[in-house]
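Trainee: For reference, the chains in residue letters:
Number of protein chains: 2
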Amino acid sequence: MPSPEEICCSVLERITPGREERERVLTLAEEIMAKLRTLLAQEGLEAEVRLEGSLAKDTWLSGEADVDIFVRFRPEVPKKFFKERFLPLARRAAEGLKQVERYAEHPYLECLADGVRVNIVPCYAVRPGEWLSATDRTPYHTDFVRSRLDERLKGEIRLLKKFMKGIGAYGAEIRVGGFSGYLCELLVLYYGGFLEALKGALRWRKGVVIDLSGYYEGREDEARELFRHHLIVVDPVDPGRNTAASVTLEKMCLFMAAAREFLARPSEAFFFPPELPIKSDPELEQLIESRGTSLLAIRTRIAGLPPDVLWGQVHRTLRALRGTLKNEGFRVLRMGAWSDEAEECVLILELESSRLPPVVKHVGPPVWVEEHVRRFLAKQMANPGLVCGPYVEGDRWVALVRRRWPDARELLQAKLSEDGGRQIGVAPLLAQRVEEHFDILEGTEILSLCRELKSFREWLADFLIGRPRWLAPGS
Amino acid sequence: MPSPEEICCSVLERITPGREERERVLTLAEEIMAKLRTLLAQEGLEAEVRLEGSLAKDTWLSGEADVDIFVRFRPEVPKKFFKERFLPLARRAAEGLKQVERYAEHPYLECLADGVRVNIVPCYAVRPGEWLSATDRTPYHTDFVRSRLDERLKGEIRLLKKFMKGIGAYGAEIRVGGFSGYLCELLVLYYGGFLEALKGALRWRKGVVIDLSGYYEGREDEARELFRHHLIVVDPVDPGRNTAASVTLEKMCLFMAAAREFLARPSEAFFFPPELPIKSDPELEQLIESRGTSLLAIRTRIAGLPPDVLWGQVHRTLRALRGTLKNEGFRVLRMGAWSDEAEECVLILELESSRLPPVVKHVGPPVWVEEHVRRFLAKQMANPGLVCGPYVEGDRWVALVRRRWPDARELLQAKLSEDGGRQIGVAPLLAQRVEEHFDILEGTEILSLCRELKSFREWLADFLIGRPRWLAPGS
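So the protein lines, in turn, are chains A and B. In terms of the numbering used here, the first sequence opens at residue 1 and continues consecutively. In terms of the numbering used here, the second sequence opens at residue 1001 and continues consecutively.
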């Protein structure tokens, strides 16, 4: 077995950009920045144009360059100026590139040049703590990290980012709920290296506080009280901000689990997950039929929802559906969702069984809660579905009655048809779309989606197997 | 609808012994007591022979007389004297009657004369608080109650006892876990009457303290601390004793529930539950097949177990079986047991279903519990029944695996065969018998027991219906 260090060495070679790639990307950035400066000057606008992000810090991964160009305006500039005057100007600077307007807190321009994403982002030149927009911190992040970097640390950061990507924990977007690039940088700076960060993560527990600035030293409980999060990485540029706020408990723990595994059984699979051979329809059919569980898929359209909104709605909806099914007695084993982030979305719930026995126990009120007892007895004695009782068990009235929803698919079909599922907690923007159209598919019916939806086949195979690809058989 | 008072009036007529019955029973008692006194004198034994219990207090129910004759010896008499010299003497006094020796804390003689049970019980003449045996309190109980009674109260006590019998809450024996006759007497004395006791019970909550002696007045919490029981009725003869210690939470609440119902819809059915028409085999078959649940019956022999021991073992065993089934994922709706208290016993468990889906979710350790994680992953990765995962969910490793016991009958069959079920908590004296022989029957197979076991048919019909007979359709 190779040592962790050997693996790191070999991975580093593959992910560090070469001279040629570096020059190509930097030239692209310089050209756009130069155009921006010229245009700004022509318009008589005072603003600093800066390269930010991983490119500026030289912590980017070969083949995955993002050019982040920030334009810093003086605080007096009103926000509507960004949309009305800055965006058109940015469009001209990026003429000839494919362009998409994006909205984070405020508008910015995203372009594609030769597979390289270029973001042109306006922000305010303010002093730390006097933030006017969410992106105002970025130049300070760049400066902070750059001031601490050396060549070795740049490589260590690249390793951690690639590791996070490989295990599916990279990215602060809601779909992932994972670790941002800046967060990876802070972790490497804090622990002093990639392997050190992995070892450090093994000691994490819920409520761990990582504070590079030492701002909360000796009063970590204050940080926990303030941030109320399982993973707290204090932003050295703004001690009131938790850089890890985007990291879900599951992704924090996924990273910890992967760290443990990598240190015990190092392998490049953590950085470069092996491609699974594409499963044919009969193979998937066999996977579904042999497992003995019930799979339910809800397909709906999601046109018009930006990814972060979409995934927020999806996660909320999955939790609500799980709750509804659980309340009706179903045992939900797992859930997941696929989307092309443009038109289509599929929610999947895996149940022990989508059919339940026909009788359920209704536990009524304690015998001494007069009014509730009266209503419970009146209701159950008149219930045509009463099977047994009512009788007293422990301190409560109890009855066995016919189950209202013995079939999960029928339950979902009925509830989603009513009002798009709002009553059972389907998130409102998704409910709107469900109201217009949805399909429920069960078991091998789901295979039809593999033929219709691009990349769904791979996602489904991954979901069905469920095991991280880095988890070695000998674990 | 008749008033509660009218019902009471009419019931009282039926349950108050008439002159003839009274004379017959009292004559029987006097004769045996006279013989006892003569025999004791012949043997030169100094002891007081007293009539105790409901007969002495004139609170007994017509047709249900118990003659309790107590013989009070001086404290110097050793306990083995009771068995060695007293019992033979009692036998001679009860010559010509059917006799059974019984053991409570110490031996006593039970006889049957013309359908009347006669108990001849030795005890010690000691001062209150200096009790040498459990029965030493009885004469004090008799004296206390008698000193407080008048004719009206005797009737009220008869009503409460008959009400308790009617709803199945009468008797301190473990099979019932209900209200003793003395406890009924104390409740009527405390509340001043039968209906007053019912109304009083509506205000009961867990930890209620009823203290006729006022011993714990203003420090009821001390009584709760001392007795740690849901129903505390301080014995006025011994403030260190909870007269209601035998009352289970369920029987306390059954009484409260019945009291509420009786006051709302008075009926003689509470005192004289209507006989159910005996169900034929096809009727029972229909009842079982139409309900949609799974019934499992375990039949075993119980020869040699005195009733209180038997029922203690039965209740403990039922709880253990329920726990085992629940742990394996089965939903246990109800349970019950029948016994002739001599040879045979049948435990019944009603499940939502005795079959479970083939896959179950195993929730493993949190990712940071190093040693457990190592073992969980090693075990699951090598598990031929692994269906999905292992994967990280929330902060834990999780896996979907084939269920070990998808069939409840097979589970019970295997566990009971192993060691009589000791490992899954079958109580030891019952496990001994199970080891020798047991049968498991499921669903309509249980009907065969109705043909074999006397009175099981009625018990089963009652169990299947589950509703107290006093619960009126309009409740």
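These aren't lab readings, by the way, just hints derived from the structure by calculation. A virtual CB, placed ideally from N, CA and C, is assigned to each residue, including glycine. It cannot be assumed that every hint is accurate.
[To be verified] Pulled a few chain B residues facing chain A out of the computed Cβ check, cut under 8 Å:
hint: 1; residue: R1260
hint: 2; residue: S1280
hint: 3; residue: R1467
hint: 4; residue: R1469
Trainee: Find the hints from earlier in the document that the structure breaks and name them by number, from lowest to highest.
Mentor: 2, 4
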